[in-house]
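Participant: Residue-level listing of the chains:
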Amino acid sequence: MQKSEMYVGWSTKEDVRKRGGSGGLVTSMLAAALEKKLVDAVVVLKKINEFEAVPIITSDVNEVLNSAGSLHSVPSNFAKLIANRNLKVALPAKGCDVRGIIEQGKRNAINLDNTFIVGLNCGGSMHPVVTREMLEVMYKLKPEDVHGEEIEKGKLIFETKDGKEHAITIDELEEKGYGRRESCRYCTIKVPNNSDIACGNWGVTGDLVGKATFVEINSEKGAKLLQNAIDAGYVQVQKPDEKGIAMRAKIKGVMEDLGKKWKGKVFVPIDNGRLEYFRKELEHCIDCGACKAVCPTCSCGDVSKCTEYHFRGDAYKMSMYHLVRFLHLADACIGCGQCSDVCPVDIPLTRLYRRFANPVQEQLKYEPGMDMRKPPYFEVKLNE
Amino acid sequence: MSDTIYSTICPGCNFGCGLYIRENRALDVDFRKSSPANAGKLCRFGMSLPRFYKPIKSMVDGKETSIEDAAKEAAKRISAGKGSTAFLSFGNTTCEELLALRKASESYLCTGVNFEGLPKDTYQTLSVGIPYSEIENAKHIVLFIDPYEQYPLIVRRLISAKNKGAKITAVWWKDLALATENIRPEDVSKLQFTKDSLIIADFHPFSDVEQVKSVLSLAKNAGAKVTFLKPFANSTGAYIMSKDAKQKSLAQLVDDINKGTIKTLFCLESNPLELIPSEALGKLTNLIVQTGQAPDTKANIVIAHEPLYKKKGTLINNEGRAQALGGAGTNGLDALGIVAGTKFDFNSLHESVKKALGVAAIDEFTIPKYERPAYGAIQAAPKQPEAKTALVSVFNPFMWSNLSDDNDFVELSLNTVRALKLLKGGMLMIKSNGSAIEKRFKVAPVPDNVLLSCRKFGIEKGTITPVEISR
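Just so you know, the sequences run in chain order G and D. Going by this note's numbering, the first residue of the first sequence is number 223, and it counts up by one from there. Going by this note's numbering, the first residue of the second sequence is number 8, and it counts up by one from there.
By construction, these hints were calculated from the structure, which means they are not laboratory data. Each hint should be verified, as a subset may be incorrect.
Computed far set for chain D versus chain G, every beta-carbon distance over 10 Å [what the hints assert, rightly or not]:
#	residue
1	36
2	51
3	86
4	126
5	156
6	281
7	410
Just a few of them, taken from the derived set where beta-carbon distance is under 10 Å, the chain D residues facing chain G [said to hold, decoys possible]:
#	residue
8	9
9	10
10	31
11	32
12	41
13	48
14	53
15	54
16	160
17	341
18	415
19	425
20	428
21	449
22	461
23	464
Ideal placement from N, C-alpha and C gives every residue a C-beta, glycine not left out.
All chains, please: the whole structure from these sequences, using the hints.
Facilitator: So, in structure tokens, the structure goes:
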């Protein structure tokens, strides 16, 4: 097995196949890594209910096999969870998780040689509270009656306990303010080729639809992880057909184009009153520091420039905390949306950070979290 | 290796914010985005919880001991005191423990607030607030609080209401950014209330009874809705669970300690130094504190049970939403049993809690149905501060918990800065009752005769303290 090879695979364990998404390959690959001591620990989601799961670090193979798989309404980011813990670890990761992990690696908070990143194709995630409201308002369903969910052909489908499926197009949901988180809509990392191995259901064809995972090996570590799972008897694979490979590439292209369109829609240029726009958006800030604490690319700790230059007793019209963070994130923001998720006064922080990051990262031709390249120096140009 | 994670509720106030506490090398806070009260979002206090949960050990007269022996010694001293013991809990613990405390307390129970001074038919209105979704759908909101400092998670609900077209009037000492109209407390009589108005105030041990009556009266006369926010994790639960119990106010408790009729004070998950003057505490023969995190007061007996996040039990938030704590610990209940000379069974207390709420199971996504009885006409005579300059203490989670915060300054007006010729980066001298302190200052949209502070400086006399200021 080597880099760039593609396979279609599934778990050999029937219960994992049933419970895990798309044949349970990821769950089994993680369990095998633990069982065969390729890693000391694995990160999985422990399911609480259909709309809640909590990420845990575990060395218990059974806990991995009984984990939740992936849930669209659990928008967590695992990078900070494993930072500064010196673990030999394997973990599933959406594109933004992978980018966070790589950025922590650049900042020496994660040893990437000891980190096996299982990338998950991702079309976007949803906020659980918004999802519950969406079920009641748009689907006319009680959240308690929901048994499972799936995204297929542009539709968000919920399965209820009576076995019925309820589908609405994502476009319609997003038009009404539901559906994916804003940052997911304009994200263009749909297949995480920055991970060690990229997994997802796009490209699975024929009888295997819904029962298998399409994988692409991106690194030696990725090959080792999959081979280990096969050798341990946890996973079976076969070569994908040409139709599947083409289909996967097509879906990836369509999703990326959609992300670009959303980017244009969200980031309408502000020609005048740019300073007033930022001041207004930040006027309700209560200085909780949650945006920094949750940021998967920040590794400064408690003592950092953004906090040390800022004092609540200062009467600046825009706090130094935010100004320093705008500057720091211009070349570091990965657009994961975590800061907006946790902001207690609903400041659309990711949108604000991206307003600085988009032009800077485009000008520098530098996308953080995509590889180990360090950010180039940037210069400030003053308009004459 | 496996992470230990607790799904819990923030003890900062009664908003009911869900979160995870992760026990690794140290405590970590993690965001529980599915929580209906806060969608996983936390304020500055919630983010500071690893500092709040300071480990604690059981002690008797300064000597470390087991929780059982500390509780046995407490029982012995309470029994020897023959009716001179008061039992105090502001509501920072589970309904199950509060029911047990009520049974243990016999004749002297104090939840801190002054229900005795208020009409009985307002008890339910004061105890249980309205759902936050009703705040988001209100047409006119009148604030008698500073939402940013006191109950920060309500800010997003207010912004949501404003985005839907609500008018927000702040009756406060400072102009609030989210308000469409800012008026000062002394001008409240000029304000027009209608049946579409929703009044948001708060109710706590330092609430001025006449001020509370005034708010109730304004709502009554206009047919407006009124909701009271509260500062302790389970204030609402404490009031519901002690609904028909005879309760003493904090002022009465302090009086009784000063008179010497109360010689032993038993505090359950409540830091007495926060609310009771240290001179009064010094008069006690025995101060017994049962708690889950280190108190900043010297108690004769410390009964150290699990911190709140490890407990099993029920909390009820401002909306009346019942929330189950995700821990399994009941050693607080066991200790209370030893103190009371009985054995408390969690399951039967839990059944009583469900019965009191009229629910078959604790479900955080469904708010139980509460009666919201109308109350009669109320006469109120709120007093305005007469001092030339007043220091207004804005009580917030950090102050209630005596947790340090980055708020060591006062806010004052630009006119005051100019009149006193204060210099940027300089200090303001504040004098009160013979004490003097120097503080940093921040210019803010406040009246010229007001200093606002979100921290206790040690010179305060309640919410409003007359002071003299100079450069």
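Participant: Please flag the earlier hints that this structure goes against, numbers listed from lowest up.
Facilitator: 1, 2, 5, 17, 19, 20 and 23
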